[in-house]
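Colleague: Here's the letter readout for the chains.
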Amino acid sequence: MSAMELTDAKDVTLPSATTTAVAQAAADAATAVSGRTGALSVRNVEASYSGVAAVRVTNLDMAPRKITAIIGPSGCGKTTLIRTLNRMHEVTPGARVTGRVELDGHDLYGTNVDRVRVRRLIGMVFQRPNPFPTMSIFENVAAGVRLGGIKKTEPLADTVERSLRHAALWDEVKDRLKKRATSLSGGQQQRLCIARALAVDPRVLLMDEPCSALDPIATARIEDLMSRLKDDVTIVIVTHNMQQASRVSDSTAFFLMSDDGAGYLVEAGPTQQIFSAPRERLTEDYVSGRFG
Amino acid sequence: MMAAIPALGQQPVDDGTGALLLHRSGHERRRMLVNRVATITATLAATAVILALGIIILFVVVNGLPYVDEQFLTMDTENYNQGGALAAILGSLQMVPLATLIAAPIAILGGVYLAESRPGRMSGAVRMATETLAGLPSVVVGIFVFTILVAPTGKYTALAGSVALAVIMIPIVARSTEEIIRLVPASVREAALALGIPVWKTMLRVVVRTAMAGILAALMLAVARAAGETAPLILTTTGNQQVNVGNFLGSMDSLPTFIWLASGQPDDLLNGQAWAASLVLMVFVLITNIIVRGRTAGRRRAH
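For the record, the sequence lines run as chains A and B. Taken in order, the first sequence gives residues 18 to 309; the numbers are from our numbering. Taken in order, the second sequence gives residues 25 to 327; the numbers are from our numbering.
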């Protein structure tokens with residue numbers, strides 16, 4: 018990735034779109050094009066609302082094409098942190114971020130960095146499925162490409178199909194692409210939102226409690242999907258559900274609220290270690306269900 | 025004071041003999057009476073609303089329908105007492121759509137601005153302007169447009185009429201648009217921004233699109249209102265009783281001004297035709313409302 022990709026140039030072309038027909042043929046492997054790693058690191062970040070700090074992180078790395086789970090009790094700044102990773106935090110009036118968030122070595126908060134571009138490289142799935150209500154299934158998946166003005170060599174229909182297949186939704190919706198997205202079930206809507214995010218070829222997919230509004234079967238499908246998606250994208254998932262974190266993630270970061278109300282990182286490491294042999298006493302208490 | 029309020033579970037529930045107090049006492053009987061009186065009053069008031077509309081429709085249909093004939097629908101008003109309302113019907117059918125075309129983009133974008141801008145001096149000024157404009161008597165709008173478009177050229181024009189109607193439509197649509205856009209869930213906006221869609225496209229192609237059904241409904245209400253406006257048209261475009269199709273720099277007749285002129289003549293045919301024109305105008309408004317209701321209901325069902 019070149020530094021240019023984040024800054025504001027006239028023509029928006031994502032890496033996989035610039036690749037030739039050779040890479041097109043192996044569309045599913047296209048995201049593995051060299052240089053597309055998707056490593057995120059957080060350095061001395063403080064995110065605040067109207068001057069009140071909500072979360073502070075000195076050092077946190079999220080390995081490329083792995084699943085990192087962010088866990089912790091309510092109010093510990095998990096959601097705030099994940100929203101700083103694709104510059105969605107600052108959408109809230111009065112919200113500010115200081116420090117560095119690096120994607121493959123490039124600071125997302127650097128001067129001249131365009132946040133719209135950041136969001137194209139780092140997609141997001143929200144707590145409640147939020148498909149565009151007046152758009153069809155097809156239009157929902159196509160929205161990022163169409164409205165983002167992204168130029169792709171492949172036909173839009175192919176992008177939509179590939180994204181829906183990726184999100185394990187294609188077989189269920191291929192005969193009704195023109196139907197409203199809101200006609201789908203909650204679990205299907207959430208997978209549609211994942212397909213929509215994948216359609217712009219992000220390097221990282223942020224998931225903010227993506228299963229909290231879903232039933233256990235739909236949750237299982239999303240978890241299954243995540244473990245397949247990590248071949249292509251780095252996944253960062255915020256979850257309240259510790260079983261979910263231990264099932265799906267490769268590494269886990271545990272957050273707590275400090276005395277001044279801001280969340281802080283207690284411990285981060287391989288998921289197995291965090292759940293079986295945490296270094297910190299607080300972590301052990303939390304993962305064993307003693308509080309929170 | 026505190027002691028006067030019995031704690032939960034402390035209200036008397038038996039009469040001391042162990043029998044539960046479930047029967048109506050004087051207090052409960054009074055409550056039921058008040059209840060019944062309130063229900064009846066509200067129902068009567070609601071009936072009065074329907075009755076008012078019903079009587080108007082009845083009068084217009086009874087008095088107007090006999091005059092909706094070939095002469096009324098196919099002739100212009102050129103010869104006194106021997107014409108019809110064709111010029112007026114076609115005039116309204118041209119000036120109102122043109123007014124809508126002028127008003128819609130300004131009003132919708134203005135509404136978007138009001139909904140999206142953070143509270144500040146500019147948005148406060150815009151909001152006050154729309155509110156004042158909405159409360160302005162339509163005759164004042166007519167005088168204003170007369171002063172800027174008719175007086176300098178010395179000509180009544182359909183264009184001036186449309187502009188006057190547009191000025192009346194803009195605040196109605198802008199304020200409704202603002203309210204409807206505020207109702208679009210924040211999650212829709214967030215979804216679009218998180219996809220890397222620029223802010224302006226998020227607004228115009230996602231948020232406004234989501235609110236479109238409601239905006240169209242507001243637009244149609246404004247159309248209905250504009251279609252019935254008389255004063256601004258008297259001041260900007262009356263005078264032509266011949267059919268004028270397409271020449272917006274000439275004057276046009278319109279249904280409201282036709283009603284106004286014909287109803288004031290000492291002539292039975294013209295008075296009847298005024299009723300007939302009222303009927304046509306009412307049907308126009310009714311049709312627009314039905315179309316909008318059909319469209320918005322369809323959208324709501326799809327959700």
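Among the hints, a few may not be true.
Said to hold, decoys possible - Here are the simulated lysine-lysine pairs, PhoX-like style, with alpha carbons at most 25 Å apart:
#, chain 1, residue 1, chain 2, residue 2
1, A, Lys169, A, Lys191
2, A, Lys196, A, Lys247
3, A, Lys195, B, Lys179
4, B, Lys225, A, Lys168
5, A, Lys83, A, Lys195
6, A, Lys195, A, Lys169
7, B, Lys179, A, Lys196
8, A, Lys168, A, Lys195
9, A, Lys169, B, Lys179
10, A, Lys169, A, Lys247
Keep in mind the hints are simulated off the structure, nothing from the lab. Model, not experiment: these values are computed from the prediction.
Colleague: Now look at each hint and say whether the structure bears it out.
Modeller: These are the hints, each one checked on the structure:
Among the hinted pairs, Lys169 (chain A) with Lys191 (chain A) is consistent with the structure: their alpha-carbon atoms are about 22 Å apart, no more than 25 Å. Of the pairs offered as hints, the one joining Lys196 (chain A) and Lys247 (chain A) is violated, with about 29 Å between alpha carbons and a cut-off of 25 Å exceeded. For the given pair, Lys195 (chain A) sits about 52 Å from Lys179 (chain B) by alpha-carbon distance, which is inconsistent with the 25 Å threshold. Only pairs whose Cα atoms come within 25 Å are accepted, and Lys225 (chain B) paired with Lys168 (chain A) is accepted, the gap being roughly 16 Å.
This hinted pair does not check out: Lys83 (chain A) and Lys195 (chain A) have alpha carbons roughly 34 Å apart, beyond 25 Å. For the suggested pair Lys195 (chain A) and Lys169 (chain A), the alpha carbons sit about 22 Å apart, so the restraint of at most 25 Å is met. For the hint linking Lys179 (chain B) to Lys196 (chain A), the alpha-carbon distance of about 53 Å lies beyond 25 Å, and the restraint is violated. For a cut-off of 25 Å, the pair hint linking Lys168 (chain A) to Lys195 (chain A) stands: about 23 Å separates their Cα positions.
Among the hinted pairs, Lys169 (chain A) with Lys179 (chain B) is inconsistent with the structure: their alpha-carbon atoms are about 55 Å apart, more than 25 Å. Restraint check: the Cα-Cα separation between Lys169 (chain A) and Lys247 (chain A) comes to about 23 Å, which is no more than 25 Å; the hinted pair holds.
Checked against the numbered hints listed earlier, the structure breaks hints 2, 3, 5, 7, 9; every other hint is satisfied.
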